[in-house]
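Enquirer: Going down the list, the protein sequences come from chains A and B.
Under the UniProt record's numbering, the residues of the first sequence are numbered 1 to 597, in order.
Under the UniProt record's numbering, the residues of the second sequence are numbered 1 to 404, in order.
Derived by calculation from the structure, the hints in this document are not laboratory data.
We put the beta carbon where it would ideally sit given N, CA and C, even for glycine.
A couple of the hints might just be wrong.
Computed, partial: chain A to chain B, Cβ under 7 Å [as the list claims (entries may be wrong)]: (1) Leu317; (2) Val505; (3) Glu517; (4) Pro520; (5) Asp525; (6) Arg546; (7) Lys552; (8) Lys563; (9) Lys569.
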Amino acid sequence: MDHIRNFSIIAHIDHGKSTLADRFIQFCGGLEMREMSEQVLDSMDIEKERGITIKAQTAALQYKARDGKVYNLNLIDTPGHVDFSYEVSRSLSACEGALLVVDASQGVEAQTVANCYTAIELGVEVRPVLNKIDLPAAEPERVAQEIEDIIGIEAADAVRASAKSGIGIEDILEEVISKIPPPKGDVNAPLKALIVDSWFDNYVGVVMLVRVVDGEVRPKEKLQFMATKAQHLCEQVGVFTPKSVQRDVLRAGEVGFIIAGIKELASAKVGDTITTVKNPAAEALPGFKDVKSQVFAGLYPVESHDYESLRDSLTKLKLNDAALAFEPEVSQALGFGFRCGFLGLLHLEIVQERLEREFDMDLITTAPTVVYELVLKDGTVTHIENPSKLPEQTKFEEIREPIITATILVPQDYVGAVMTLCNQKRGAQRNMQYMGRQVMLTYDMPMAEVVMDFFDKLKSVSRGYASLDYEFKEFQAADLVKLDVLVNGDKVDALSLIVHRSTSVYRGRELVSKMRELIPRQMYDVAVQAAIGGTIIARENVKAMRKDVLAKCYGGDITRKKKLLEKQKAGKKRMKQVGNVEIPQEAFLAILQVSDK
Amino acid sequence: MTTISLPTTRSNWGLTALPPLALYIHFPWCVKKCPYCDFNSHALKFGGNGDDGRLDATLESQYVDALIADLESCLPLVWGRPVTSIFMGGGTPSLFSAESMDRLLAAIRARVKLLPDAEITLEANPGTFEADKFAGFADAGINRLSIGIQSFDDAKLKALGRIHDRDAAHRAIEIAHRHFDNFNLDLMYALPQQTLAEALQDIDTAIAAGSTHVSAYHLTLEPNTLFHRYPPAVPDDDLAADMQDAIEARLAAAGFEHYETSAFAQPKRQARHNLNYWRFGDYLGIGAGAHAKISFPDRVIRQMRYKQPADYLAKMHEGGAVQTEDAITLEQLPFEFMLNALRLTDGFALNLFTERTGLPLTKVIHEIDRACAEGLLERDLEHVKPTEQGRRFLNTLLERFLPD
Numbered sequence: 001m002d003h004i005r006n007f008s009i010i011a012h013i014d015h016g017k018s019t020l021a022d023r024f025i026q027f028c029g030g031l032e033m034r035e036m037s038e039q040v041l042d043s044m045d046i047e048k049e050r051g052i053t054i055k056a057q058t059a060a061l062q063y064k065a066r067d068g069k070v071y072n073l074n075l076i077d078t079p080g081h082v083d084f085s086y087e088v089s090r091s092l093s094a095c096e097g098a099l100l101v102v103d104a105s106q107g108v109e110a111q112t113v114a115n116c117y118t119a120i121e122l123g124v125e126v127r128p129v130l131n132k133i134d135l136p137a138a139e140p141e142r143v144a145q146e147i148e149d150i151i152g153i154e155a156a157d158a159v160r161a162s163a164k165s166g167i168g169i170e171d172i173l174e175e176v177i178s179k180i181p182p183p184k185g186d187v188n189a190p191l192k193a194l195i196v197d198s199w200f201d202n203y204v205g206v207v208m209l210v211r212v213v214d215g216e217v218r219p220k221e222k223l224q225f226m227a228t229k230a231q232h233l234c235e236q237v238g239v240f241t242p243k244s245v246q247r248d249v250l251r252a253g254e255v256g257f258i259i260a261g262i263k264e265l266a267s268a269k270v271g272d273t274i275t276t277v278k279n280p281a282a283e284a285l286p287g288f289k290d291v292k293s294q295v296f297a298g299l300y301p302v303e304s305h306d307y308e309s310l311r312d313s314l315t316k317l318k319l320n321d322a323a324l325a326f327e328p329e330v331s332q333a334l335g336f337g338f339r340c341g342f343l344g345l346l347h348l349e350i351v352q353e354r355l356e357r358e359f360d361m362d363l364i365t366t367a368p369t370v371v372y373e374l375v376l377k378d379g380t381v382t383h384i385e386n387p388s389k390l391p392e393q394t395k396f397e398e399i400r401e402p403i404i405t406a407t408i409l410v411p412q413d414y415v416g417a418v419m420t421l422c423n424q425k426r427g428a429q430r431n432m433q434y435m436g437r438q439v440m441l442t443y444d445m446p447m448a449e450v451v452m453d454f455f456d457k458l459k460s461v462s463r464g465y466a467s468l469d470y471e472f473k474e475f476q477a478a479d480l481v482k483l484d485v486l487v488n489g490d491k492v493d494a495l496s497l498i499v500h501r502s503t504s505v506y507r508g509r510e511l512v513s514k515m516r517e518l519i520p521r522q523m524y525d526v527a528v529q530a531a532i533g534g535t536i537i538a539r540e541n542v543k544a545m546r547k548d549v550l551a552k553c554y555g556g557d558i559t560r561k562k563k564l565l566e567k568q569k570a571g572k573k574r575m576k577q578v579g580n581v582e583i584p585q586e587a588f589l590a591i592l593q594v595s596d597k
Numbered sequence: 001m002t003t004i005s006l007p008t009t010r011s012n013w014g015l016t017a018l019p020p021l022a023l024y025i026h027f028p029w030c031v032k033k034c035p036y037c038d039f040n041s042h043a044l045k046f047g048g049n050g051d052d053g054r055l056d057a058t059l060e061s062q063y064v065d066a067l068i069a070d071l072e073s074c075l076p077l078v079w080g081r082p083v084t085s086i087f088m089g090g091g092t093p094s095l096f097s098a099e100s101m102d103r104l105l106a107a108i109r110a111r112v113k114l115l116p117d118a119e120i121t122l123e124a125n126p127g128t129f130e131a132d133k134f135a136g137f138a139d140a141g142i143n144r145l146s147i148g149i150q151s152f153d154d155a156k157l158k159a160l161g162r163i164h165d166r167d168a169a170h171r172a173i174e175i176a177h178r179h180f181d182n183f184n185l186d187l188m189y190a191l192p193q194q195t196l197a198e199a200l201q202d203i204d205t206a207i208a209a210g211s212t213h214v215s216a217y218h219l220t221l222e223p224n225t226l227f228h229r230y231p232p233a234v235p236d237d238d239l240a241a242d243m244q245d246a247i248e249a250r251l252a253a254a255g256f257e258h259y260e261t262s263a264f265a266q267p268k269r270q271a272r273h274n275l276n277y278w279r280f281g282d283y284l285g286i287g288a289g290a291h292a293k294i295s296f297p298d299r300v301i302r303q304m305r306y307k308q309p310a311d312y313l314a315k316m317h318e319g320g321a322v323q324t325e326d327a328i329t330l331e332q333l334p335f336e337f338m339l340n341a342l343r344l345t346d347g348f349a350l351n352l353f354t355e356r357t358g359l360p361l362t363k364v365i366h367e368i369d370r371a372c373a374e375g376l377l378e379r380d381l382e383h384v385k386p387t388e389q390g391r392r393f394l395n396t397l398l399e400r401f402l403p404d
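Same shape as in the complex, but just chain B (with noise of 0.2 Å):
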């Protein structure tokens, strides 16, 4: 059952100002389960849907229209909102057909202000299969890609468990080239046995095929994956930090900027949607687990919508998915909002923390002081941001932020 969230108790508490609104949609299926992935994803079944590869035609369909009708149950909470941005996640999107695409996004826009300029994003296998489907993806709205490349040696490929290659990688990026000027490309480091000048040839290669943005991850063993209960063989703390100084330099050499803990952007081209989060904006979720943060004049809610493909459908049909929504509480929101802005290397305005949590900036300053004279942050009478030395000790440094 749904549990209705209560306005925060507080009645000096408020918002003047709602931030601006992104929509994430997500994807639930893949061919495969990856070993790392953390993610809600679930493998297609074999005998029933998607031997081949494939979804189910009338599963696609029937999902589809759940997410249609997911966002008319959200339409109450963000009246009048116009939606900056969109994120189709997963997952893997791309099992889905461009058709289905151009529904969606059609019903969408019907249904919200969708901004002119959004960005509209889909996150794409590089397979021969999907690569396909680029075009027909483009001709349905979407001006941007990010493809999970995540490395372009055969080796590192098979011991993630990835079901492309390095020649299909290759493929994928010429076919995105032709019909996205904007995409990013995920990669992910200290992979299993992997070398320095390997991880490395993998940026260069990502450099190479001339994305604009480029997302490089430390590969870490999440629980509740393959991997945590039986560990690769990864590279220690001191080489994967190697990794990282080398990366870096590499990409900030090709003209990247490094903007974000692990996201690297060409000029103007950093992902909108993306810093919406971490500039602690709303959004909606919709789709299996999708999870949203939605705020209001007396409250900041975050929803979570069930997580089983089966249940989210057997839900929406039932009139609506959301399995738990709760009000952050004004303790818990000085630590989300930090968790999300001292992520960014500009780190942010002061005044948006006030915009954003409702709260007076009293309420961390004291931690920001405390952190500025050991030299994690730094900060003038307007904007603060992490120090070199603050990026690297994140954790360290939002642990100040905890409520006891």
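With the rest of the complex left out, here is chain A (with noise of 0.2 Å):
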């Protein structure tokens, strides 16, 4: 075990840390040279495409030291959103260490300083790198300054590397050989085991990335997973390199998998402990939560014929993802879909252009929301995942929104202007910290002030550097209203949504007027108005167009005429016809344009 290394790289886009992870394989060998692609660690299209890590993967190496010993060494890469911070703690318990990878010249980003804390607070071990110092502008004696201020762990003697040009590999590998400890664990204890992540594979079913903390496991032994009570049978263990290679048996220190024969992804949940059902350790390893879903929305074929198999795909991406759920909903203005539960808005957005990309599907896609509480008057509670099943306010009798924890870590430089954003999204600040040169600000915010663009804004008014933590806290009793849309005097359901009274008239108007802009101009006169209640609070008219006609046509290339009236066709295709206006899907989500007072 003292051979062993479990360690994962935090670093932010851009600063390396996929370019690293394809040195150390090929500085240990794990792949051929015919079998290196670009960031091999990264696999889905969508992560190599945004530069981010959707799931996690892992690496073992044998690296040969210079003390002539062969250590195993286990990179488990994570992923980087703030919607997946859970699984971030995940792989980083899985983790005695981890390389805080920095850009020599532009230095530390917000990004890593929130996985940085995360580590350091699951008792990781983090080491600085300090990459890209063949660049001219490297700066590494300020950025390792700067590491020491903001994060607050020694740098001065932080590895000098260039992953690009592989300066200083062998160096950082060294480093987490003499600075990272080994796994600790009881080989002949019960076994416990970590679920790090978790997917479906089409020929053995869920495979299970691992780390054993206590214990041993083989094949043929009757696994219990402590959260879900499942029981099953194991079937294969191993280790990626990062190909798949079998092994007899994964012990207590080691990353790897298990492939138990589970057929759904259900079954295997991210931070459950897997043991022996004939030698059951006495309690599971902390940290897990059942990962619920934080944002819904309405998911529904422009072409309703295309219901059936957007169900298909929406069965088969939940394969792979435990966090989506769906369940069939019906629209009167949209038709049959499916009201789906999301991590966040980047998750949204994924399966969305997954849906797109992958199955060719044409979506319209409703305004994301969150989940409310609505006690009614017999003192029932219920719960509310689709604006436009909000009752008439005389129904019920109170309505509760759900409250999160926000913990931002800003540097001072730019609190002024966090709060004031934490304020606009009507948060109530619970405490300030100053730690160094950062500032740690906790506010308890609503939840859908915070899923739709709080991040982006964040970042923008924070130059980035803000980083951005969140938990559910509880439901609270707010003053909330339903602005519904109505298209040509006629409610289109879909388009519904739930705000703050505050805000309403501001936001009814707003949208009316984004929409207004969305929609393109048909034949006939369309008029969108915003309604609370039965108040009309706002009105545009998306003005008829006057004519759509080709000026010339004779004998001669009629191809390029046809092929004119294709595109246009396939342009309306796109759209989504509610009475007898066609709707872009982007008017739909017109209200992530509103930008606030």
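Reconstruct the complex from the two isolated chains, following the hints.
Expert: Laid out in structure tokens, this is it:
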């Protein structure tokens, strides 16, 4: 066990995390050169394009150190977005150490700070690495100082490296061996293995990425899942190099995979502890949370006959995405579709994009919403996941909105701007603490305000330096109203929103004016109105187009005319016909473009 | 290489009658390429031929030879069918001499049966050099001129990159009057910086000039043109629509019938050649880049010839300049028919659809009735035509007939 090191890499986008991981794999011969592609650990197209890691990945590497011994290094690549902060904390808790990779020319960025603090809280040893030192603009001394100031860890002797040019790779690996402690754990104790991540493979079913904390696990053993209480027979164990390689046993301290003939991701939840039926552990590893959907939105096929294939696509996506929830719903305006639950807005966007790209679906997504708690007149409590389902004000006693506690870390210079933003979002300050040059702000805020665009806004007012972490606190009574949108006099249920009364009129006005911009002119006038209760609070007109005709058409080249009309027709296919009005996809999400007062 | 189109595979499909046949002849050169033009036209090369705005006589003669050879190569496709009209378009056909036109028309008459009352139109540029040839063109047998005036406003003409001016336009019209009792003026509206009053001024001038036909086109910024890449400031959609309304009213008051999207005619002066296109008739197309549509009992084909004049001449020399030839599929036929026929204010007789496409009316009657219910079309048992709304939103209407 002394020859094992489990570590992850914490880095801001573009600071070279994936390139560094590639170098480690190359240096240790995990893949042949011909198998190397850029950023091998990011396997989804969306991950590569957006430069974010959504699923955790690992690579077990054999490193022959300068002291002549061979070490087993397990590199665990972690996701990096606030929507996935739970996954990050699970990945980090599977490690004893983490490399904090900082671009030597750009310095510390916010995203790294939050993950760094998570790591430090979990007792993980964080070692700084200054990357890209071969750039002319590199200032390793200044950046080292910054790391000490902002994060508060020793950085003067941080390894100087360049993942791109291959400088200092071996030094980093030596640092991992000498500074990161080997895993502790008792091979003879009952099995305790942490599920770091799990995904569905078409051939073998669910694959679980685990960190064995105590004991050992072998094929043919009956496994007990401590949170879900499920039992499954272990079929295979092994490690990723990052190719999967079968082993006879995984022992305490090791990171690898377990395949146990599981058909549903729901029974292999991230953060759960696996033990054996024969010799069960007394208690589970700490930190397990049942991940719940935070944000809900309706997904509807543009063409109603695509409903079944949307269901199939969602079912397939869910195989690999335990956090995605969906159930059928019917909208008067949009027909049959699904109400889907997501971890956050990014998760929603990813699901939407994957449905469009991988499954070739044309979709209408309704404005995302959080869950509201409703106390009816008879005292019963129900939940509202769809704003259009909110009954009239007289039918219920009280409506409660979810409140979260947000922890924001921000350099002193931006505290004012961040506080202003939090106040705009109806936040209530709970705490403010100076930590070196950083300030930690704690706010209670309505989740509805946070899930929409708060993270982006926060980044922009703090020039990207602020970091955010939040957790659900409670449901709290609030003065909320339903904002309805009427198109040519007919209420479009899919456009209803729940908003705070104080901002309702402003939002209603902004929303219809945004929609006027997004709905193209058509053959007839289109009136867009916003209403609260029965009262119209705003109205905009999309004036009818006057004509749509090709000026010239002779016998000549009709193929071009035909292409033009085909293109125009295809454009309309991406719109949803509501009554006799064609509404484009973006208009259903217009509320996301409404700025704050 | 020429690709040969095969007969339509559906064995029970066929045309019971062949439509009238027209002849289109393309002349691919212009003194200068206009920035809005997306037709197959090529500026004369300076230094070589035409540096004084004239076409090299040898090239001209070679091209006429090629046209005659081209027509001969088409004859097997249209044995015995009379030609009902000829249209000489471009480019700028009036760059060619009257003698060349005479030689060409004589050669055509010798090879196909040209109906005695056939309309023979020539597109002409209102430049001084061209206008002086109008008499000769008339002597050659050309009986209709289509003059590319575009505007009578010097500033607008300049913006459009035209090489003539207002005075030249007036002079050309005056000369045209002397030799032709039937001529069209091409005008454009929604020009860069144009006001409603300016647009109407152009129309009034055209009416006063005594033309028998006016084509008023909304300036369109077509792909592959200079204007598309560097768009000028043109009137917005609402102003352009106002212009169209006003232009239509003004021409109606002057006795012009608005018979097609952009075409207006004095009684009995409709462009017969163009009507044939819009009624989904057949046409041979000879010359560089010319398109043809020819019906047979078992198929309907489209042909396109090589576009570059040099390529066309070289290919003709080798024996044939058809670059592509394809049969129109049965799925496409209804749309192609509608694309043309619904441009006409009078629409079409329902039986014309079956006659021209060989398809039963059931193929389209559902879409037609849907459009009637929405107020885009109106029909009785024999005839269907677009409503005012349908004419304005012709694209929306036509999309319905596109195959999925």
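Enquirer: If a hint holds in the structure, say so; if it doesn't, say that too.
Expert: How the hints compare with the structure:
no.	hint	in the structure
1	Leu317	violated (28 Å)
2	Val505	violated (31 Å)
3	Glu517	violated (15 Å)
4	Pro520	violated (11 Å)
5	Asp525	violated (13 Å)
6	Arg546	holds (3 Å)
7	Lys552	holds (6 Å)
8	Lys563	violated (10 Å)
9	Lys569	holds (4 Å)
Of the numbered hints stated above, those contradicted by the structure are hints 1, 2, 3, 4, 5 and 8, listed in ascending order.
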